[in-house]
Amino acid sequence: MAPPAPDGGTHREARTAETAAATAVAAAPAPAGSPYAEARTAAGSPHPEARADETGGGPRRIEGLLLGLAAGDAAGWPAARHRASRMPEWTRRLTRELDTFAEQNATTTLPVPIALNQPPEPLRLGPSDDAEWAAFVAESVLTAAGVLLSDLSRSRRMRAAIDLAWNALASEVAAAAERAPEVESAVLPLRARISVRAGLGNLATGLRPPATGHDNPHYFDDAACIRACVLAVVHPGDAQAAADLAEFDARYTQDGDGVHGARAMAAAIATALGGADVDAAVDAALAQLPEATEIGRNARHAVKLARTDTWGGAFAIVPTLEHEIVDHVYSYGIAAAETVPVALALATAARGKVTEAVPAAACLSRVADSAPALAGALTGALGGGDSIPAAWREACRTLSGCALPRLAGTDLVELAALLARTELGSGTDLGDRSQRVTVSFD
Numbered sequence: 001m002a003p004p005a006p007d008g009g010t011h012r013e014a015r016t017a018e019t020a021a022a023t024a025v026a027a028a029p030a031p032a033g034s035p036y037a038e039a040r041t042a043a044g045s046p047h048p049e050a051r052a053d054e055t056g057g058g059p060r061r062i063e064g065l066l067l068g069l070a071a072g073d074a075a076g077w078p079a080a081r082h083r084a085s086r087m088p089e090w091t092r093r094l095t096r097e098l099d100t101f102a103e104q105n106a107t108t109t110l111p112v113p114i115a116l117n118q119p120p121e122p123l124r125l126g127p128s129d130d131a132e133w134a135a136f137v138a139e140s141v142l143t144a145a146g147v148l149l150s151d152l153s154r155s156r157r158m159r160a161a162i163d164l165a166w167n168a169l170a171s172e173v174a175a176a177a178e179r180a181p182e183v184e185s186a187v188l189p190l191r192a193r194i195s196v197r198a199g200l201g202n203l204a205t206g207l208r209p210p211a212t213g214h215d216n217p218h219y220f221d222d223a224a225c226i227r228a229c230v231l232a233v234v235h236p237g238d239a240q241a242a243a244d245l246a247e248f249d250a251r252y253t254q255d256g257d258g259v260h261g262a263r264a265m266a267a268a269i270a271t272a273l274g275g276a277d278v279d280a281a282v283d284a285a286l287a288q289l290p291e292a293t294e295i296g297r298n299a300r301h302a303v304k305l306a307r308t309d310t311w312g313g314a315f316a317i318v319p320t321l322e323h324e325i326v327d328h329v330y331s332y333g334i335a336a337a338e339t340v341p342v343a344l345a346l347a348t349a350a351r352g353k354v355t356e357a358v359p360a361a362a363c364l365s366r367v368a369d370s371a372p373a374l375a376g377a378l379t380g381a382l383g384g385g386d387s388i389p390a391a392w393r394e395a396c397r398t399l400s401g402c403a404l405p406r407l408a409g410t411d412l413v414e415l416a417a418l419l420a421r422t423e424l425g426s427g428t429d430l431g432d433r434s435q436r437v438t439v440s441f442d
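So the sequence shown is numbered by the UniProt record's numbering: it starts at 1 and just counts up by one.
It should be emphasised that the hints constitute simulated quantities derived from the structure, not laboratory data.
Watch out, some of these pointers could steer you wrong.
[What the hints assert, rightly or not] Label pairs and their in silico Cβ distance ranges:
no. : residue 1 : residue 2 : range
1   : His-328   : Arg-92    : 23 to 29 Å
2   : Leu-116   : Asn-167   : 39 to 45 Å
3   : Gly-206   : Glu-394   : 41 to 47 Å
4   : Arg-124   : Trp-311   : 29 to 35 Å
5   : Ala-175   : Val-147   : 22 to 28 Å
As the structure is a prediction and not an experimental result, all values here were calculated from the model.
Built from N, CA and C at the ideal position, the CB exists for glycine as well.
Given only the sequences and the hints, what does the whole structure look like? Please build it.
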């Protein structure tokens, strides 16, 4: 059964077959011809510690974006639970039993993800689902820059690559459902948000956007906001174009505030990649949020609070955001109407410093699954790669595959270099494989 909408009703519940079929995707290891692998081969694997000029949407800002997002993802308490999916199932079952024991016996000693006699590596500090879905959309950028879609005009390549990626996942969903004795038992080694699972299920049954995002029990969540952060690299400095591209992607899984939030994050980060300061980036985000929406009202109120001179940093504004922006009624703390305003406000209060915005966002436990990642992406793009502390850089640069197993081992520093080459180049001959990742998009 699909979870209830925030108002407790049955608002836009996806059909059982549509939602249950999309349990997971991308089981197999990345094929040799994957966008990431092909781009590495074509461009040559960049040295992981390579530096480049800090200009506009250059590689250091893109690196800051990816590492900031990954650090925020890792800083939130849900990351440990996401990463625990790589542990044997019995370890998670034992954690649930200990939680039940604590509830029934009124003990205040609460369980945490455990390894016991298993290697504890999956439970160490590191990025989880948000960073992996960010890498998923980064693959679409590399696909658009490759030879596969070179017969299309520049204005169509990126959208074609996004559509190709979503439909490839939906095909795996459909294949799994066909193999299973019943739809509900179709299982693939992928973990995703409810909105993404429902959207994939809708695609598998033949629906197309915007219906896949509209007929979706979690149309309002912030899954597309995470993806939008990466899509901003396609249009550095052009907030409107970045927002439009983010909406195209968001419509596969979201509607309403879920789409508005994606547009806002893309606009903010595109502005940051263009070299603007935090206030200009946040203003670009606010311009994408209709005033009559919940996300629009919350964001303007949160940013107004953050721009008051009486706070003294991001940490100081946390209680006010907790009481005035964060909802404590619904089952999940992933509504774009909360997480995006929180991210914008904390980036503002931190004056664009990732080392202040991310820890403050992690303090808001209710929205800690994605607000720290969103705040980290924006402030990381503002500050560039060098703004990420070295210890966090090393802890968060490599994906574990806890949500998308085929991305295990992906190096975000290397991926940032590939994305930077894609965005910075222009006028490249698409037929030249040695240069194919240096295409810009109009």
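- Query: Against the structure shown, which of the earlier numbered hints fail to hold, in ascending order?
  - Reply: none
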